[in-house]
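*Asks:* The residues making up each chain are set out below.
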Amino acid sequence: MTFLLVSFFWFFVSIVLHVLANKMRLVLSVSRKLLMGVFVLGLVGYIVTIQSPPTHIESALSLPLTGIFLYIALTLAYGSITASPSLGDESPTSKIVLLLFRKGPQTEKQIFSEFTHHEVLGKRIRNLLQTKWVTNNKGVLKATKQGRLIGKIFLLYRNVLGISEGG
Amino acid sequence: MIDKTLILISAFSFFIFVAALTILVRMRGHWGILLWMQRIFLVLLVGSSVSVWYIFSDVSIDNKIILLIANFFLTGALSFAYIDGFFGLPLTSLRIELLTTIVRAGHHGIREQDLLKRYTKPSIIRRRLFRLETSGEIVRVGDRYMLRSFSSYFMLHTFVLLGLLVLYKPFHDKKIHHEEYPINTKK
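Protein chains in written order, with my numbering: chain A, 58 to 224; chain E, 5 to 191.
No wet-lab data here; the hints were simulated from the structure.
Be a bit skeptical, because a hint or two may be false.
[To be verified] Simulated restraints, written as ranges between beta carbons of each label pair:
{"hint": "1", "chain 1": "A", "residue 1": "F69", "chain 2": "E", "residue 2": "D147", "range": "42 to 50 Å"}
{"hint": "2", "chain 1": "E", "residue 1": "S64", "chain 2": "A", "residue 2": "F66", "range": "51 to 59 Å"}
{"hint": "3", "chain 1": "A", "residue 1": "L62", "chain 2": "E", "residue 2": "V22", "range": "27 to 35 Å"}
{"hint": "4", "chain 1": "E", "residue 1": "S153", "chain 2": "A", "residue 2": "K202", "range": "39 to 47 Å"}
{"hint": "5", "chain 1": "E", "residue 1": "G89", "chain 2": "A", "residue 2": "L98", "range": "34 to 42 Å"}
{"hint": "6", "chain 1": "E", "residue 1": "Q117", "chain 2": "A", "residue 2": "F169", "range": "18 to 26 Å"}
{"hint": "7", "chain 1": "A", "residue 1": "G219", "chain 2": "E", "residue 2": "D147", "range": "27 to 35 Å"}
{"hint": "8", "chain 1": "A", "residue 1": "L213", "chain 2": "E", "residue 2": "F19", "range": "14 to 22 Å"}
{"hint": "9", "chain 1": "E", "residue 1": "R122", "chain 2": "A", "residue 2": "F66", "range": "25 to 33 Å"}
{"hint": "10", "chain 1": "A", "residue 1": "R159", "chain 2": "E", "residue 2": "T9", "range": "46 to 54 Å"}
{"hint": "11", "chain 1": "E", "residue 1": "R115", "chain 2": "A", "residue 2": "F69", "range": "46 to 54 Å"}
Model, not experiment: these values are computed from the prediction.
Each residue gets a CB set at the ideal place from its N, CA and C atoms; glycine is no exception.
Using the sequences provided together with the hints, build the complete structure.
*Replies:* Right, here's the structure in full:
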């Protein structure tokens, strides 16, 4: 149990540091990708901690590797859910659900009026350009090498799932 | 040995989950599968827990409980990361859909105006309304949409995302002018 608790402890410490670092991001002028390095530090912290476990705690169950994989799995799960919020994005689906929660039943027209073109599309195109997956040359959008690679991975995955279109 | 065996059980459970989801989508399509995903995960978790219980039969009850907890979090976290970070993206992410459309256009690329004709605000929002309706999260009564329930997995997910949006808002964010991406909606 000790190893699991230590893994959870370092995971929560990493979350706190990640949130604080993100809030200071504009002041520190640090990229979001670099901030994920906080979780690497957390893993190092876990590994260092388990090198010298408390001797007064006797446990027949030694799970150091499970602790490492647990930390990595929790980090991946956390990374997947925070990807959009850390970009400042609220998904249109979540916004629809919150709108219905706050204001009750809405018509299609009322729901449409809550969204701007920029919010639905502009932000996403801008994000594709900022991450350098796509370039815009005189109004023509083209995928970069990195964008093509990522796009082809998802197209292949869609083929495996038997889906022609998403979004 | 217990350590590695537990990791193998959790990893195997996760791969079974991935395979089951893939088969589910191929059989049913990707609309209205949220409930089925939850059922598959529950069945998988029960199966995985039973495996842990019997494989480690010579371990004390206390330690078995610890192993079950570890297995639950390991399998759960991996499955959640897969659904939210990978499985859901080709199905629901507009960003990924825009990217794949641009990739399919090849080396010539696609004119921004052509992309905007294909993906309009009404079509995008209608698609989401349809997805929420087929998932059972909302229901249409007459010409109005309303929530079917105030306590569902997606509601929980939405509130968590909202909390994270607030938590992750940088200091000095208000001082930054967020320039809008110019979208020419004129035909």
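*Asks:* Next step is simple, just say for each hint if it's right about the structure.
*Replies:* These are the hints, each one checked on the structure:
A hinted range of 42 to 50 Å holds for the C-beta pair F69 of chain A and D147 of chain E, which are about 47 Å apart. As the Cβ distance of S64 of chain E to F66 of chain A is approximately 24 Å, the hint placing it in 51 to 59 Å is violated. Look at L62 of chain A against V22 of chain E: about 29 Å separates their beta carbons, and that is inside 27 to 35 Å. Checked against the hint of 39 to 47 Å, the C-beta distance between S153 of chain E and K202 of chain A comes to roughly 46 Å, which is consistent with it.
Separated by about 21 Å at the C-beta atoms, G89 of chain E and L98 of chain A break the suggested range of 34 to 42 Å. The hinted range of 18 to 26 Å is satisfied by Q117 of chain E and F169 of chain A, whose Cβ atoms lie roughly 21 Å apart. Against the hinted window of 27 to 35 Å, the Cβ-Cβ separation of G219 of chain A and D147 of chain E comes to about 34 Å, which satisfies the hint. At roughly 18 Å, the beta-carbon separation of L213 of chain A and F19 of chain E lies within the given 14 to 22 Å, and the hint holds.
Checked against the hint of 25 to 33 Å, the pair R122 of chain E and F66 of chain A fails, with Cβ atoms roughly 49 Å apart. Range check, R159 of chain A to T9 of chain E: about 49 Å between beta-carbon atoms, so the 46 to 54 Å window is met. For the pair R115 of chain E and F69 of chain A, the beta carbons lie near 48 Å from each other, so the given range of 46 to 54 Å is met.
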